[in-house]
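Peer 1: One letter stands for each residue in the lines below.
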Amino acid sequence: MIRLENVTKTYNKTVKALDDVSFNVKGGEIVGFIGPNGSGKTTTMKLLTGIIKPDKGKIFVNGFNIKEDPIKVKESIGYIADSPDMFLRLKGTEFLQLIGDIYRVPTEDRQTRIESLAEKFGLTKALSSPMMSYSHGMRQKMMVIAALLHKPPVWILDEPMIGLDPKSAFELKQLMREHTKEGNAVFFSTHVLEVAEKLCDRVIIIKNGVILYNGTLEELEKQNKNESLEKIFLELTEK
Amino acid sequence: MKMYLRLVSALIQGVEPSDKEKKRNKIFYIVMTIIAGFGIMLPMTFFVGVILYSLTSSLKDFGTMQNGVELFLHLISAFSFVFGLNVIFSVFYFAGDIENLLPLPLRPYQIIGAKFTAALISESVMEFLVIIAALAGYMIGGGLPVYSWLIAVIGMLTLPILPLVYCGIICLVVMYFTRFVKNKDTVNKITGIFTFAVIVGIVFLISKSGFDTNELIKAMSAPDNAVLAVMNCIFPHIQFLINSMELSSIWQILIYLLINAAAIAVFMLLAQVLYFPGVIGVGQSGASHREGKNVISKMRKHSPSLTYLKKEFSVLFRTPAYFTNCVMINLIWPAFLYLIVVMQGKTNFLESFIYGIHSGNEETVLLFMLGITAASVLVTAVNCIASSAITREGKHFAFIKYIPLSYITQINIKALVSIIISGTGMLIYVIAACIWLNTGIKFTIFCCLLSIFSVSFATYFGIYMDSVNPKLIWDDELNALRGNYNIFFNMAMAIVIEAIICAGSYLLFRFTDIGSITIILILFVLILIMNAVSYLLCNYLATKNIEDLGF
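Here the protein sequences come in this chain order: A and B. Heads up, the first sequence is in this note's numbering, so the first residue is 1 and it goes up one at a time. Heads up, the second sequence is in this note's numbering, so the first residue is 1 and it goes up one at a time.
Chain A with its partners taken away, still in its complex shape (with noise of 0.2 angstroms):
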């Protein structure tokens, strides 16, 4: 359902953000992608959803080409940002207002995900508020729930853990694991290796723009003598 072939990004002509880069996500699937600070990770994160443009090299998400069917791409995506903070003097439900229409979203079924979802995170009181009054963590769940309120196959999420409780954590794991049961893909960064440990049927290790790694942590664990994977992934990224 994603497909990076070849890609390349470089800013300012001189930093390579992205070098060469080529893997793919299928439907069913869980991928984390990790690597240190500044490893690229974020960068291929705006390529999938159109923020930013390749230099070379090409992009599908669910069998649309970004360059050709940029719209069709967007629709198919539900993102999460690196940062929460947006439109903070809209309330609650003028967001989820605001999202559920740019994405079309019918009314029963709005009313049907929000409610549930709010229950899920625990933000139902909230949404009559302006979002400016939310904590970081309170951000992060409404962001999640308008990543996913137009149910779209592909989840592309970056480091959604973050600012999360253990109980909002748990639930948006538990929605991955339901959503790739039904045939649709995850993608999200994270930095948290025992969440990619326990959630992911696949890692993708990045460092330089560069990937290190793509495949199980069964195979790579057996590849490195059974040695945990946060020694690993030092090993990796450190060489």
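Calculated from the structure, these hints are not laboratory results. We put the beta carbon where it would ideally sit given N, CA and C, even for glycine. Some clues are possibly wrong.
Claimed, not checked - Computed beta-carbon distance windows for the label pairs:
(1) Ser406/B with Lys56/A: 47 to 53 angstroms
(2) Ile190/B with Lys125/A: 25 to 31 angstroms
(3) Phe511/B with Lys53/A: 50 to 56 angstroms
(4) Glu197/A with Ile190/B: 51 to 57 angstroms
(5) Leu104/B with Glu178/A: 55 to 61 angstroms
(6) Lys56/A with Gly96/B: 34 to 40 angstroms
Given chain A, put chain B in place with the hints provided.
Peer 2: Structure of chain B alone, referenced to chain A:
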């Protein structure tokens, strides 16, 4: 001292566009700086200098040559106070850097001192130019010695201090006493409304006093000027500055500096006592999480464009900085227009203008039409709704890129917001003027169309200008507008374009046989063509600019 300077430098850098943003389009910056410099700053400086030179020369014969420059500097200080109030409130209490500054081991007066200096420097660049131009005009007109230049430079750098100190003191006191009000946005908005109320109030007081240009000139030539006597109570330092220039007196300049120093000392003392109680907790919200499921059941599906439009309006009206600088500012124009009319007093300019419109005098009708188009473009450029449309997205600029709504649709919605707000204001003024002048329905409709198309042109052009290099990195909303060169450049471009069109049309009328009706029609078609061009600029170039902007 080192720490203070570092803090000031850091705070100024927070207002100015980042190096990354400047580098993004260097040529754009250079070209626009040249246009703004030659199109606005130089002509304005020159104009002020010439006015003060003429005023001083003519008052010299009455022995009251300092009255003109004194009154001018009082007016500049009053403007500085009125427009500075909202800025000082935002900088002291609502800036994004407060949460970073409060945990530092700094005393309240140190924070306020640095913030005040940074605001003074950022806000007073244009004021410095106007003051030095006025003082230069005064010195040349009055034939003052070279020594006065030194005092003029001191005056240029220090005159804006006292009005902003007044703003600072009011701000500290208000925020101290409203510290129990939970919704600080309301306090901020009320300050904005209060500022505009003060401006409108002053205008109406002047109009009620029956004061007009003739009386003003008479009063200026009198040695015991009542207006200046009142103004000198509010800004007592100005008379000492002017006296020191005229009398070459070191004592006068020392008194002038002493007044400034005393004002700063009182201000710092108050800051030390009042700032922390007022600022701590300012970020807290008064929201009560009470309602629940019933708000969800009220949600209905609407068109994406309508909801996006509502979002734009909500952001503009709910954000104090945008509400004051983009929305409320539209209400200020009738007050100034009214003041101009009132100041004409018993002169026959207005009567001849009204008579000209009634009798269909070609020149008057043309000037009226040119006035409408120029005012419409200027109002749209000054309220900066269009020229900050993309900038206002700030750190969540990516939102407009990842949602499934085409860039041109989003631009059109943003344009509609500007056209509705600027256009509604302009239409009210145009219709009111037409009713007052009793112009007839057809004439009024034509004027309205001319105004709305001028607003629409300025709107799309403003959005295009902003798309070239939007200022996306800002800590708080006021910073999105302050120090935003795009807004200034857009104003400069709007003034230059309108000046060319108006001057061209008028010269065509004066020096050819083409009648005013034909010229007005040409003007209308030209505005339509400019609409098409600015729309195409947005459709092709602004969308591409947004697409290319990686943020």
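Peer 1: Taking the hints in turn, state whether each one holds.
Peer 2: Verification of the supplied hints:
Serine 406/B and lysine 56/A have their C-beta atoms about 25 angstroms apart, which leaves the hinted 47 to 53 angstroms range violated. Range check, isoleucine 190/B to lysine 125/A: Cβ separation about 29 angstroms, and the 25 to 31 angstroms hint holds. Distance hint check: the CB atoms of phenylalanine 511/B and lysine 53/A are about 52 angstroms apart, consistent with the given range 50 to 56 angstroms. For glutamate 197/A and isoleucine 190/B, the Cβ-Cβ distance of about 54 angstroms falls inside the hinted range of 51 to 57 angstroms, so the restraint holds.
Here the CB-CB span from leucine 104/B to glutamate 178/A is close to 46 angstroms, at odds with the stated 55 to 61 angstroms. Here the CB-CB span from lysine 56/A to glycine 96/B is close to 37 angstroms, well matched to the stated 34 to 40 angstroms.
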